[in-house]
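Residue numbers (the numbering used here), protein chains in the order written: chain A, 971 to 1098; chain B, 260 to 639.
In case anyone wonders, no lab produced these hints; they're calculated from the structure. Every residue, glycine too, gets a C-beta built ideally from N, C-alpha and C. You may find that some hints are simply not true.
Said to hold, decoys possible - Partial selection, computed: residues in chain B whose CB lies under 10 Å from chain A: (1) A382; (2) A385; (3) T399; (4) T400; (5) Q401; (6) Y402; (7) L404; (8) A406; (9) K438; (10) Y439; (11) I502; (12) L503; (13) T511; (14) H513; (15) L529; (16) D533.
Unchecked claim - Every beta carbon over 10 Å from chain B, so not counted as near; a handful from chain A, in silico: (17) Q985; (18) A995; (19) C996; (20) H1011; (21) S1012; (22) T1013; (23) L1017; (24) A1018; (25) P1019; (26) H1033; (27) R1054; (28) M1067; (29) R1088; (30) Q1090; (31) G1098.
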Amino acid sequence: MAMEPAAELWHEWAQGRLCFQECDACEAIQHPPGPVCGTCHSTSLHLAPSDGHAALVSWSTVHRAPAPEFAADVPYTIGLVSLRGGALVQARVLPGMSPEGWEPGLPATLRLGEVAGRPQPVIDRVGG
Amino acid sequence: MVNAVILGAGESDRTPLPGRTAIDMGVEAALGAIRDAGLKIADIDGVVTGYSLAERHLDFSADLAESLGIRPMWSQTNSRSGATGSSIVVNAALAVLGGACTTALVVWADNRVSGNPDDMAGALAASLSAFEVASGPLITTQYGLIAQSYMSRWGATAEDLASVAVQFRKHAGLNEQAKYRAPITVDDVLSSPMASSPLHRLECALVTDYGGAVVVTRSDRVPDAHDPVHILGFGEALSHSSILRNRDLFTTGHTAAGRSSSLAFEMAGLGPADLDMAQIYDCFTITVLMLMEDFGLCGRGEAGAAVRDGLLDREGPLPSNTNGGLLSNASGGILHVTEAVRQMRGNAGSHQLARCPETALVHGNGGILGAQTTMILGRR
Chain A
971 MAMEPAAELW HEWAQGRLCF QECDACEAIQ HPPGPVCGTC HSTSLHLAPS DGHAALVSWS
1031 TVHRAPAPEF AADVPYTIGL VSLRGGALVQ ARVLPGMSPE GWEPGLPATL RLGEVAGRPQ
1091 PVIDRVGG
Chain B
260 MVNAVILGAG ESDRTPLPGR TAIDMGVEAA LGAIRDAGLK IADIDGVVTG YSLAERHLDF
320 SADLAESLGI RPMWSQTNSR SGATGSSIVV NAALAVLGGA CTTALVVWAD NRVSGNPDDM
380 AGALAASLSA FEVASGPLIT TQYGLIAQSY MSRWGATAED LASVAVQFRK HAGLNEQAKY
440 RAPITVDDVL SSPMASSPLH RLECALVTDY GGAVVVTRSD RVPDAHDPVH ILGFGEALSH
500 SSILRNRDLF TTGHTAAGRS SSLAFEMAGL GPADLDMAQI YDCFTITVLM LMEDFGLCGR
560 GEAGAAVRDG LLDREGPLPS NTNGGLLSNA SGGILHVTEA VRQMRGNAGS HQLARCPETA
620 LVHGNGGILG AQTTMILGRR
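All chains should be built: construct the whole structure from the sequences, respecting the hints.
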């Protein structure tokens, strides 16, 4: 039996494959993944590999951890980036990168990393 | 034309007490609203309530109704996040207009301080998708992402956002029930600890106990000599659960409040220029600025300047959040409703406006700017 789309995506990331859900019918990238395409309502979707190329949309630096597993990282920056077609991904910005001078539209790169021990996409470059 | 009306409003005491339950405060608010409506408990044949974050109830409305000794013909519990306070009033209006009941009690109460804060943190975290939670955001972070985008798009400043908190604190100063009453300045807001940039601690809603209630019936069932507040229009809209699924927030900056308010204004036959007062869901400073623009109270990107110019001041053109709002008075979007009713009926006590408003907009926002409910209230 096929895995539920979210479980399948976490599984792919844990295996080191950066991918996102894509609609078979309209080719929209959809995130978070789900059983129905939010653009065309097709129920036929698959996971497609991603090269990680994205554009910066917004960011916020967190000064108080929401849960104990994030406490050691405080303060940390969370970025919002858009993939081809505009799908949004929220990801931790790697330590050492400062939002100083950032503006929406700068190129950004996602790659697989870990936050609080969980494999997931992280933002490892903004601009340049 | 028949419309729904609000006959009375009540609020509970909000002082945290060991063991004080959400039901305790719901009952206290309900009894106050029934008394203010000039009714008896036996007159109530419908009950609609919000949910509790701090306390588990499978059906809050059932537990509340039983506590009041009511066996209503219509009851339900609504869980529409922050929009619940306004949404349950809309539910009641639909129920009385549709004939499900004749006189509906509307209650939202929660013991967010007296109750179990661990349960509350878990309940709030459930409002985000796992694909957001994994990166370590606060709820404030999700609003912070939207605020940062708004500031980048319009060149809005930290001072613009902070001015919302300063304005509502000024209003709280006159409200004897408000949690925080001492005046603050823009500098105070900007020097309070950063929660999740660009939002500082003083730009975030308070966490308090609360209970609020109103009684809703049809305009053709208003008791003689009673002085009701009419629900002239209402509208609701939902754009997303996860902000990742609504890129409009980061492109145009529009929320579904544009649609909910358009529906409400259209039903009321009124527009933004006709409003005497507004009670706007103010979970964060950014929320107020974006909603103001969605309502058409000012142009896109102009809300910060409008607040700094005194648009929302109690002595300005559109007195808003006259009790101090979520930012300085208390938690609970139902208090935006009770405050509007009290101001319009002239019994807001120490913070009563000099002139009772004839019209008002009341708005609830739920989730991360996803669920929107707008009501237009009037005196005829």
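Assertion that M1067 of chain A lies outside the chain B interface [Cβ separation over 10 Å] | It holds; M1067 of chain A is separated from chain B by about 14 Å at its closest Cβ, greater than 10 Å.
Close enough to count: is the Cβ of I502 of chain B nearer than 10 Å to one in chain A?
-> holds (7 Å)
With chain A as the partner, please determine if D533 of chain B meets the hint condition of a C-beta pair closer than 10 Å.
-> The hint is violated - D533 of chain B has no Cβ within 10 Å of chain A, the shortest such distance being about 35 Å.
Interface hint compliance - A385 of chain B to chain A, C-beta minimum distance less than 10 Å | violated (12 Å)
Minimum Cβ distance from A995 of chain A to chain B greater than 10 Å, as the annotation requires = Nearest chain B Cβ is 18 Å from A995 of chain A, so the label holds.
Q985 of chain A clear of chain B by more than 10 Å, beta carbon to beta carbon?
-> holds (16 Å)
Distance rule for A1018 of chain A, whose beta carbon must clear each one in chain B by more than 10 Å = holds (16 Å)
Hinted contact K438 of chain B with chain A - closest CB pair below 10 Å | Violated, because the Cβ-Cβ distance from K438 of chain B to chain A comes to roughly 20 Å (cut-off 10 Å).
Would you check whether L404 of chain B satisfies its interface hint, that is, whether its CB is within less than 10 Å of any CB in chain A?
-> holds (4 Å)
Restraint satisfaction for Y402 of chain B [CB to CB of chain A, less than 10 Å] | Holds, about 9 Å.
Chain A contact restraint on A406 of chain B - CB to CB distance below 10 Å | For A406 of chain B, the interface hint holds, since the closest Cβ of chain A sits about 8 Å away, which is under 10 Å.
Mind verifying the non-interface call on S1012 of chain A? Its CB should be farther than 10 Å from each CB in chain B.
-> It holds; S1012 of chain A is separated from chain B by about 16 Å at its closest Cβ, greater than 10 Å.
Consistency with the previously given hints fails for numbers 1, 2, 9, 10, 13, 14, 15, 16, 26, 29 and 30, ordered from lowest to highest.
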